[in-house]
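The sequence shown: position 36 = 53 (this note's numbering), numbered continuously.
For the record, the hints were derived by calculation from the structure and aren't laboratory data.
Computed from a prediction, not measured in an experiment: that's the story for all the values here.
Warning: the hint list may mix true and false statements.
What the hints assert, rightly or not - Computed Cβ-Cβ distance ranges for the label pairs, DEER-style:
#, residue 1, residue 2, range
1, 113, 156, 34 to 42 Å
2, 79, 110, 23 to 31 Å
3, 161, 53, 27 to 35 Å
4, 112, 75, 35 to 43 Å
5, 128, 153, 34 to 42 Å
6, 55, 142, 17 to 25 Å
7, 161, 75, 31 to 39 Å
8, 67, 98, 17 to 25 Å
9, 49, 107, 33 to 41 Å
10, 140, 87, 23 to 31 Å
11, 119, 161, 30 to 38 Å
12, 147, 41, 28 to 36 Å
13, 64, 137, 28 to 36 Å
What the hints assert, rightly or not - Lysine to aspartate or glutamate pairs mimicking EDC-like chemistry, simulated, CA-CA at most 16 Å apart:
#, residue 1, residue 2
14, 37, 73
15, 36, 73
16, 161, 99
Glycine included, each C-beta is placed from N, C-alpha and C at the ideal position.
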Amino acid sequence: ITIHGVGVLLPIEGGVDSKKCCRMLRDDLLPVLDWFCPDGDCVFVRDGAPVRASVEAGGWMGDCHISVSEWSPQSPDLNIVEGIWRVMRVKLAEDVGSVAAGSGLVRRLQSLWRGVGVERVQELCCSLLRRVAAVMGSKGTMSKY
Numbered sequence: 018i019t020i021h022g023v024g025v026l027l028p029i030e031g032g033v034d035s036k037k038c039c040r041m042l043r044d045d046l047l048p049v050l051d052w053f054c055p056d057g058d059c060v061f062v063r064d065g066a067p068v069r070a071s072v073e074a075g076g077w078m079g080d081c082h083i084s085v086s087e088w089s090p091q092s093p094d095l096n097i098v099e100g101i102w103r104v105m106r107v108k109l110a111e112d113v114g115s116v117a118a119g120s121g122l123v124r125r126l127q128s129l130w131r132g133v134g135v136e137r138v139q140e141l142c143c144s145l146l147r148r149v150a151a152v153m154g155s156k157g158t159m160s161k162y
């Protein structure tokens, strides 16, 4: 997700270890960065998931000169993707019974993801200062976001 839109939602089969994470970053993240940030002026916001915080993933990002900003794994209030997932969950709930499991569900999720407008992503990005203030005001506990 960038200020320019959501990018591509890719299904992942099975678990993700450090090697698979690095392969996904190489095969899936780099093309997105080339598209959205052709001048290289991007910061990858990384949560504390062990595979993305691993030595291998960190080394790979360093080798590729990707700027990384750590993100608290306990901060859904500040995570832009949470606002997008919320909208997608509501729309998916409206489809109950009409969406099959497996590939039908993946296709529907990808369709919902592509339907997230740039304006919505920009609203979420621009709301970060308000959300940071709310989290600080609540001393890190739950906020209205």
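So, going through the hints one by one against the coordinates:
Distance hint for residue 113 and residue 156: a CB-CB separation of about 38 Å, consistent with the stated range 34 to 42 Å. About 41 Å separates the C-beta atoms of residue 79 and residue 110, a value inconsistent with the hinted range of 23 to 31 Å. Look at residue 161 against residue 53: about 30 Å separates their beta carbons, and that is inside 27 to 35 Å. Hint check: residue 112 to residue 75, Cβ distance near 39 Å, so the stated range 35 to 43 Å holds.
For the pair residue 128 and residue 153, the beta carbons lie near 37 Å from each other, so the given range of 34 to 42 Å is met. The hint said 17 to 25 Å for the Cβ distance between residue 55 and residue 142, and at roughly 19 Å that hint holds. Checked against the hint of 31 to 39 Å, the C-beta distance between residue 161 and residue 75 comes to roughly 34 Å, which is consistent with it. Judged by the Cβ atoms, the range 17 to 25 Å given for residue 67 and residue 98 holds: they are separated by roughly 18 Å.
Between residue 49 and residue 107, the C-beta spacing of about 26 Å breaks the proposed range 33 to 41 Å. For residue 140 and residue 87, the hinted distance range of 23 to 31 Å is satisfied, since their beta carbons lie about 24 Å from each other. Our hint of 30 to 38 Å for residue 119 and residue 161 holds, since their Cβ atoms are close to 36 Å apart. A beta carbon spacing of about 32 Å between residue 147 and residue 41 agrees with the range 28 to 36 Å that was offered as a hint.
Restraint check, residue 64 to residue 137: a C-beta distance of roughly 21 Å breaks the suggested window 28 to 36 Å. Distance check on the hinted pair: residue 37 and residue 73 sit about 10 Å apart at the alpha-carbon level, within 16 Å; holds. For the given pair, residue 36 sits about 7 Å from residue 73 by alpha-carbon distance, which is consistent with the 16 Å threshold. Proximity of residue 161 to residue 99 is assessed by CA-CA distance (about 13 Å); at most 16 Å being required, the pair is judged to hold.
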